[in-house]
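Working from the sequences, and respecting the hints, build out all of it.
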Amino acid sequence: MSVTLVVGTPKGAAILQSDDRKSWREDFVLRGWPVTASVRDDSGRVYVAVNSPNYGVAIFTSEDFREWRQLPSAPRYRPEDRGNPEHHRIVSQMDFGGVLKEGGRFVDQIWTLHFAHGTLYAGVSEAGIFTSRDRGESWQPVDGFNEHPTRSSWVPGFGGLGAHTILTDAEDPERVWVGVSAAGFFRSDDGGRTWTPKNAGVNGDTGQCVHSVTHDPRNASTLYRQEHRGVHRSDDGGDTWTVIEDGLPVTELSDGHRCSFGFPSVMDRKSGNVFVVPLDGDNYRFPRDGKLAVYRTSNGRPWEPKTKGLPDNCFTAVLRGSMAADQLEPGGIYFGTASGTVFGSADCGESWTAIATGLPRITHVEAYAR
Amino acid sequence: MTGGSVHVRLPPVLRAVMGGRASLEGAGETVEGVLRVLASEYPALGLHLFDDAGNPRRNIICLHEGSLVRANDFSSWGVRPGDELILTNALAGG
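Protein chains in written order, with this note's numbering: chain A, 1 to 370; chain B, 1001 to 1094.
Hints are not guaranteed to be accurate.
Listed next, the in silico SDA-like pairs over lysine to any residue satisfying Cα-Cα at most 20 Å (straight line) [unchecked claim]:
#, chain 1, residue 1, chain 2, residue 2
1, A, Lys11, B, Met1018
2, A, Lys291, A, Pro311
3, A, Lys11, A, Ser62
4, A, Lys11, B, Gly1028
Derived from the structure by calculation, the hints contain no laboratory data.
Structure representation (structure tokens):
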């Protein structure tokens, strides 16, 4: 039993490997490339997304986490696709105007990679999804989503207009969910041809700032959603949502709404435990009073704080894609902070250890067990 | 260096795309012409030289025989066989 963590940062990816989940070996690969997402396919091949404000978006692949080959193709919009000016304005502030072109739509980041039923999915900003049926050698836009009738109402969040969450159903290859900041959560029941907003009980049809959604693909219709405006659960595939914040710290957002704010959400599928990392609202975006705490719930029970081994002077954030579960028994949970520390738990959150420090800002963590 | 081609030196991050190669040889009469030939020959590299609309990426800068050439001028900036192009990019702190 070994676990490999891919830890994405703006300067490359840390590769952390362990045979016992206690001692970890560390390498740093894809140096100079911002690493934003990763996934493993059913053959064991790993794909890592990179983006550069100078050199654009690409995907590297590896069989062993050591030797990396860039794929010859990557998700790209067509020259005629029209873009969102507000998204351009936000991302161009971060990249010297490099993608700002009159009216065009550009893939400036891959926010998530997903693999299911023989298909690779990429969720990107400016928001859209692409699929590949040939292991990433070529990519096709999912026009039913990318040209959704509500697109004109989508507004970018602070990080731009990005499709950052893709979920699938292990039993039904036609069913796919996508989360977009700040357009909300969508579901397709016909393999991506048509999409319906699934935000009832959150706040209107579209325009929500969904931060992350997690589930077990084998029980796909039970979904946990960390929204800008709190933590929600759905038991009907997203048709309806209910706030589940019993036990979570609740704070006041900038608009006065009180809820539990945070970014990542992760499920340990064997136990059914779900994990979130609350932050002190959208103004501060660090743990309340600096006391870093992971909260855990299972089967509708109140959330419990899990703090053993975590610092109480931590004024940083845990970002959207920066938490993962290894799906071993007992479940290993891992997360990285915006100040470059990776914490790991080999006992499903009961205790935590800093397993890597001194990294750049961490924007992605994924766990691959063998 | 080959007498009939332009010598193109890659920045370190793009060498990873080319299996560690630090430089390439390309033919063309302008900076953009040379880069398009390389993009055609090496599609993975081409992703980094041209954006979704097919234009040279705006943050790439080229040093040509001591002159700094920005992306807007790639299409009109002439090069000759035997010249050297050094590709680099806009830099930022941190």
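Hints, one by one, checked against the model:
A C-alpha spacing of about 19 Å is found between Lys11/A and Met1018/B, which places the hinted pair at or below 20 Å, so the restraint holds. The hinted pair formed by Lys291/A and Pro311/A meets the criterion: a straight-line CA distance of about 6 Å does not exceed 20 Å. Of the pairs offered as hints, the one joining Lys11/A and Ser62/A holds, with about 18 Å between alpha carbons and a cut-off of 20 Å not exceeded. The suggested pairing of Lys11/A with Gly1028/B is violated, with an alpha-carbon distance near 33 Å, which exceeds 20 Å.
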